[in-house]
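Q: Since chain E is already given, all that's left is putting chain C on it; use the hints.
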Amino acid sequence: MDLVDLWFWLIALTFTLYFFLEGFDFGVDALRPLIAKDESEERALTGTIGPFWDGNEVWVIAAAGVMFSTFPVWYGALFSGLYPVFVVILLALLLRGVSFEYRNQVDSQRWRDVWDWMSFLGSIVPSFLWGVVMAKIIEGMPVRDDQTVGGGLGDVFTPFALAGGAATLLLFVLHGANFLLLRLHTDTVLYRRARTMAFVWGALATVAILVFVIQGYVTEGLFEDFGVLPWLFPAAAFLTLASIWLALVTRRDVLAFVMSGLTIVFATMTVFIALFTRGVVLPSTISDDLSLTLEETASEPYTLELMTWVGAIFLPLIIGYQIWNYYVFRERVRPDEGALDRGY
Amino acid sequence: MDVVDLSRFQFASTSIFHFFFVSLTVGLAFLIAVMETFAYFRRGRSTVYDRMSSFFGHLFLINFAVGVVTGIVQEFQFGMNWSEYSEFVGNIFGVPLALEVLMAFFLESTFIGLWWFGKDRLKPWMRLGAIWLVAIGTQISMFWIVLANAWMHHPVGYEVVGDRALLTDFSAVVFNPKAWLYSLHVQGSAWTVAGFFVLAISAYHLLRKHDVDVFSRALRLALVFAAVGTVFSAASGHTAAQYAREDQPMKFAAMEAQWEDSGSPAPWSALALIDEERRENTWSLEIPYVGSILAENNLSASYRGLNSLNEEYQELYGEGRDYIPPVTWVYWSFRIMVGIGVLLMGAAFAGLFLWWRRRGALDGTRWYLRALVLLLPLPWIANFTGWMTTEMGRQPFMVYGLLTVDEGVSANSVTEVLTGLVGLWVVYLGLIGLDIYLLTKTAKAGTHKPDAEILAAPAPDYEGTGVGGPVGYDRER
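Sequence order for the protein chains is E and C. 76 is the number of the first residue of the first sequence in my numbering; add one for each residue after it. 24 is the number of the first residue of the second sequence in my numbering; add one for each residue after it.
Excised from the complex, chain E in its bound form (with noise of 0.2 Å):
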């Protein structure tokens, strides 16, 4: 494999942990009005990703700025030609960061409501338009003969890239529902809660995907390209999202949880193995021949290998230590009365 590809993949990686990981802390601030119903149910919600959340955020920082130094012209044009999209994930992303903050600076309760609508707002705004960004990319924009794209936001929202954006909208929404059912004590009426709306967004999600991957297959010819087994991930993604339901019914929560990851991984790598089957990493929705392909778009060898040894030195460094930080904080958590006294 050539260094290229290597990139190409480790994007793939980056952008799949991110989703893996903020999809959950992303998911339990969406669900957070439907399951808390008084401050210390919403603490402890909080509570439950309070140490991780910023720790998974900078997986987009680092998605993003691999993709800049390994693909200068993709990282550009995908920005560039998407940046009404963009813009509103910034500012979502804004809110919500300083929400967790300063939620619990000022001890009022319309204060703290106002908070709580940005984290909320912060989470299902940016997990729809992800959708809406990994839609586009197997889409495509228009680009034109400079690599720059054009288009309104006409182009950007098609049916497609809305299925998309409801799909991973509702499948973080999911995931969130059963990371709380590892984080919470089993013993809780919010862990009951949090059952149900594992039950509940999971039929959803499943709705959502389905119309995503039908779209895919009709109009996208999502996996035409997918070599012998073009079935293989549309069908683990189901059989994934399949086993989540037995799972909770089983009442086995880290099952439950691991299959909603898994089927976040899945449909991530389909986006990116459709891109890397056709050879591009942005189609051009005015001409194929105009289309960004792997190879114009990469650095130079020298970047790609200089960027390879600080990946091959730091990539296993960081995820050993995020690994380590969910070690520590793995006790469940349970809404206690004195938390808000305590003052933390």
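Fair warning: there could be bad hints in the mix.
To be verified - Residues of chain C clear of chain E, computed beta-carbon distances all greater than 10 Å: (1) 63; (2) 71; (3) 87; (4) 144; (5) 147; (6) 195; (7) 263; (8) 349; (9) 410; (10) 435.
Claimed, not checked - Calculated lysine to aspartate or glutamate pairs in the EDC-like style (CA-CA distance at most 16 Å, straight line): (11) 464/C <-> 182/E; (12) 142/C <-> 406/E; (13) 467/C <-> 270/C; (14) 112/E <-> 188/E; (15) 112/E <-> 191/E.
I should point out that these hints are in silico values taken from the structure, not numbers from a laboratory. The beta-carbon is built from N, C-alpha and C at its ideal position, and this holds for glycine as well.
A: Just chain C, lined up with the frame of chain E:
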């Protein structure tokens, strides 16, 4: 306003806004790590440093979150607003950016959680290690970003092939002299910001006799920090200006509003009325010899003027374009930055003098403490004007000598960029207002407030042990 202007304005606002927070974060992380180190070695004997690091740590966290999220905007905007630039330099510029994320950003973001939430779940030495990793992470972060910026001012280790700049020598990029000068300068200014931040808050509480144990020690610690920071900034800034005279002579001439080549010895203009239209100064207060000293540390050096440089640049980089940067901005930004720097250095050394003179003089000199409170906003203004000087001074280039700003911009529409800009500004103004409000509120509350009134990050109750990650304000003591 066209897309170039709007995108420039967008980039400038994001960078300055980001830097408003991170300059404090970079300096304060290190200062808090030092406090934690004291706390670690005096554990069991005194809680003074625990209280100190919890209090300033709380302020640090309020600020840190905004630094992280604005960092995302900072990174995304290269692709969003400057895609042509990204494509031109991605081979080179992307590498330090990626290194920053992989080496430092993850480190900070992961270990900040471990440090704060892990208060009762990590061994003391591990917690100490966590905050040091955060502090080191912020310094590494700063280094790579400043290095990337310095490359735009002084490109090295590249070769332009077709329409892209390709990396030929990464060690040249890392050992870019400009990068090290800038990085020392930014480091010094971050220490200055954090030093005077802690000084002002400590002085405020000392004036009111709140927790004198904590704040008089914090004052001394920050004084050393601020003194080192100001000296570092001044020394590296002076060298950086001299270096600019060689590699960005136009910027140097703009900093001095020198239209014609100076004679030898060169005078220095302390204040001037600049007429950019007619390309002359209508009035200038000139001090003889100082120009030469600034330029080359001797009494005879001369330097080039804007007009002759402009002619030379026309030949070097192409006719039909004006290469003179916005002189008034550069000239006055530079003077405000230097003026504030000198004032702050004076303030820091006045404090050291009081400390040295006799016991109690530092805590008891009320006018000095009051002055420290008033100085609080100045380091930020110096930072802002400093970035203005260096970034305005390189106009019209985005990458010095290689790519102009209007060549680097994305093919976005005015509507897109304008809408995005308005959205960002609304959020930025809101966040900066909230940040100042919360920092002031928390800083004023001091260490004596009971826990219930100082609510930091949300608290889960782990395993019903009653251990909910503490704030650490003397809970068990």
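Q: Hint by hint, where does the structure go against what was stated? Just the numbers, ascending.
A: When the structure is compared with the hints, numbers 3, 4, 10 and 13 turn out to be violated.
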